[in-house]
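Knowing the structure of chain B, use the given hints to seat chain X on it.
Each protein sequence line maps, in turn, to chains B and X. Heads up: the first sequence runs through residues 1 to 136, numbered per my numbering. Heads up: the second sequence runs through residues 1001 to 1132, numbered per my numbering.
Source of the hints: derived by calculation from the structure; they are not laboratory data. Take these hints with a grain of salt, some might be off.
Here are the computed lysine-lysine pairs in the BS3-like style, where the Cα-Cα straight-line distance is at most 30 Å [to be verified]:
{"id": "1", "chain 1": "B", "residue 1": "49", "chain 2": "X", "residue 2": "1039"}
{"id": "2", "chain 1": "X", "residue 1": "1039", "chain 2": "X", "residue 2": "1056"}
{"id": "3", "chain 1": "X", "residue 1": "1087", "chain 2": "B", "residue 2": "53"}
{"id": "4", "chain 1": "X", "residue 1": "1119", "chain 2": "X", "residue 2": "1105"}
{"id": "5", "chain 1": "X", "residue 1": "1087", "chain 2": "X", "residue 2": "1039"}
{"id": "6", "chain 1": "B", "residue 1": "55", "chain 2": "B", "residue 2": "132"}
{"id": "7", "chain 1": "X", "residue 1": "1080", "chain 2": "X", "residue 2": "1057"}
{"id": "8", "chain 1": "B", "residue 1": "49", "chain 2": "B", "residue 2": "126"}
{"id": "9", "chain 1": "B", "residue 1": "47", "chain 2": "X", "residue 2": "1039"}
{"id": "10", "chain 1": "B", "residue 1": "126", "chain 2": "X", "residue 2": "1119"}
{"id": "11", "chain 1": "X", "residue 1": "1105", "chain 2": "X", "residue 2": "1087"}
{"id": "12", "chain 1": "X", "residue 1": "1078", "chain 2": "B", "residue 2": "47"}
{"id": "13", "chain 1": "B", "residue 1": "49", "chain 2": "X", "residue 2": "1080"}
{"id": "14", "chain 1": "X", "residue 1": "1089", "chain 2": "B", "residue 2": "49"}
{"id": "15", "chain 1": "X", "residue 1": "1039", "chain 2": "X", "residue 2": "1095"}
{"id": "16", "chain 1": "B", "residue 1": "53", "chain 2": "X", "residue 2": "1095"}
{"id": "17", "chain 1": "X", "residue 1": "1105", "chain 2": "B", "residue 2": "67"}
Which residues of chain B face chain X? A partial, calculated answer using Cβ under 8 Å [claimed, not checked]:
{"id": "18", "residue": "18"}
{"id": "19", "residue": "97"}
{"id": "20", "residue": "104"}
{"id": "21", "residue": "119"}
{"id": "22", "residue": "129"}
{"id": "23", "residue": "130"}
Stretch by stretch, here's where chain X covers chain B in the computed footprint (C-beta under 8 Å, at least three residues) [stated by the list, open to error]:
{"id": "24", "region": "4-11"}
{"id": "25", "region": "19-29"}
{"id": "26", "region": "49-59"}
{"id": "27", "region": "112-118"}
Quantities reported herein were computed from a predicted structural model and do not represent experimental measurements. Yeah, the Cβ is synthetic: ideal placement off N, Cα and C, and Gly gets one too.
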Amino acid sequence: MKFIRKTTLSSEIPTASMPDIIFMLLIFFMVTTVLREFSGLPIEIPKAKRIEKLKSRRHTSHIWVSKEGLISIEDRLFNMENIRNIIYDKRVADPQIVISLKADESARMELVSGIHNELRKADALKLNYSTKTSLD
Amino acid sequence: MGKIKRRFKGGEIPTSSMADIAFLLLIFFLVTTTIDIDKGLGLVLPAEGETIEIKKKNILNCLINSSGMVLLGGEPVKLKDVSRIVKEKLRENNKLIISVKTHEKTHYKDYVAIIDQLKIANATRISIADTD
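Excised from the complex, chain B in its bound form (with noise of 0.2 Å):
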């Protein structure tokens, strides 16, 4: 006795909602993208095994130092005494900033310590140095 299939299953992929399905991936993708605004300095940072990541954009505030120097803060070069100032109006407009420190790994430590004595001053606490795992 034969078995008769009544019922015809089709066996294609239905293509009307593939539009939809792709916009909501595109909405997804154009609302993640974050076009970078600063540049910063050419440095090559250090690397470190033991590294964690910074929960929040919004809430960082990039200080580069390259080995020559220069200290550069959203695209504008600093002397050491001015930084206190900036800090401490971004510390004021968000009191849960964390301040990354971009710097040369042949930067001098004199530097990163007047910047420390200055983070301090601006009551800007939280830091962060920014390294590279040995991977990337």
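Structure of chain X alone, referenced to chain B:
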């Protein structure tokens, strides 16, 4: 003269190529998206004017000179041994505070390497002294 009749067929936007256009845009944003999360070694600086007296036996001095050589508790050690030694010392005394002091000409790389080593040893009390 007869009138020319134009039959209105209804103005519809062709939707068949919609998926292709959306795909193209999607691929553009996929390619241009850079998900770079900032990562590094976290540290909390002490507030200005905050000085605490610490017993001498609870301090472990870690000095780094301008050529990247390390002096840990008065003895010269290799960089990669720092985490092991610190871990041992922390086991003996869990109130230990590691005081890192650098020369002003020390490279930032060497300093970060020491902080990394201390983090590997799970040292939470790290003090950073001013440079000489």
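Structure-based check of all given hints:
1. For the hint linking residue 49(B) to residue 1039(X), the alpha-carbon distance of about 11 Å falls within 30 Å, and the restraint holds.
2. Restraint check: the Cα-Cα separation between residue 1039(X) and residue 1056(X) comes to about 34 Å, which exceeds 30 Å; the hinted pair is violated.
3. Between residue 1087(X) and residue 53(B) the CA atoms are separated by roughly 24 Å; this keeps the pair inside 30 Å, and the hint holds.
4. Note on residue 1119(X) and residue 1105(X): the hinted pairing holds, with a Cα-Cα distance of about 23 Å set against a maximum of 30 Å.
5. At roughly 24 Å between alpha-carbon atoms, residue 1087(X) and residue 1039(X) fall within 30 Å of each other, so this suggested pair holds.
6. Of the supplied pair hints, the one linking residue 55(B) and residue 132(B) holds, its CA atoms being roughly 16 Å apart against a limit of 30 Å.
7. Distance check on the hinted pair: residue 1080(X) and residue 1057(X) sit about 24 Å apart at the alpha-carbon level, within 30 Å; holds.
8. At most 30 Å may separate the alpha-carbon atoms for a hinted pair to count; residue 49(B) and residue 126(B) meet this at roughly 20 Å.
9. Annotation: proposed proximity of residue 47(B) to residue 1039(X) holds, straight-line Cα distance about 11 Å (limit 30 Å).
10. Using a Cα cut-off of 30 Å, the hinted pair residue 126(B) and residue 1119(X) holds, with the two alpha carbons roughly 16 Å apart.
11. In summary, the hint linking residue 1105(X) to residue 1087(X) is supported, as the alpha carbons are separated by about 28 Å, within the 30 Å threshold.
12. Proximity of residue 1078(X) to residue 47(B) is assessed by CA-CA distance (about 17 Å); at most 30 Å being required, the pair is judged to hold.
13. Note on residue 49(B) and residue 1080(X): the hinted pairing holds, with a Cα-Cα distance of about 12 Å set against a maximum of 30 Å.
14. The suggested pairing of residue 1089(X) with residue 49(B) holds, with an alpha-carbon distance near 21 Å, which does not exceed 30 Å.
15. Annotation: proposed proximity of residue 1039(X) to residue 1095(X) holds, straight-line Cα distance about 28 Å (limit 30 Å).
16. Between residue 53(B) and residue 1095(X), the direct Cα distance comes to roughly 27 Å. Compliance with the 30 Å bound is thereby established for this hinted pair.
17. For the suggested pair residue 1105(X) and residue 67(B), the alpha carbons sit about 12 Å apart, so the restraint of at most 30 Å is met.
18. Hint on residue 18(B) holds. Least Cβ distance to chain X is approximately 5 Å, under the 8 Å limit.
19. The closest approach between the C-beta of residue 97(B) and any C-beta of chain X is roughly 13 Å, which is over the 8 Å cut-off, so the hint fails.
20. The interface hint given for residue 104(B) is met, as the beta carbon of that residue sits about 7 Å from the closest beta carbon of chain X, less than 8 Å.
21. Restraint check, residue 119(B) versus chain X: the minimum CB separation of about 6 Å is within 8 Å; hint holds.
22. Hint on residue 129(B) holds. Least Cβ distance to chain X is approximately 4 Å, under the 8 Å limit.
23. The criterion of a C-beta within 8 Å of any C-beta in chain X is met by residue 130(B), whose closest approach is roughly 4 Å, and the hint holds.
24. Counting residues of the region 4-11 of chain B whose beta-carbon sits less than 8 Å from any beta-carbon of chain X gives 0, not enough to reach three: the coverage restraint is violated.
25. Counting residues of the region 19-29 of chain B whose CB lies closer than 8 Å to any CB of chain X gives 6, so the stated coverage by that chain holds, three being the minimum.
26. Given as covered by chain X, the region 49-59 of chain B passes the check, having 7 residues with a CB less than 8 Å from a CB of that chain where 3 are the minimum.
27. Coverage of a stretch by a chain is defined here by at least three residues with a beta carbon nearer than 8 Å to that chain's beta carbons; for the region 112-118 of chain B and chain X the count is 4, and the condition holds.
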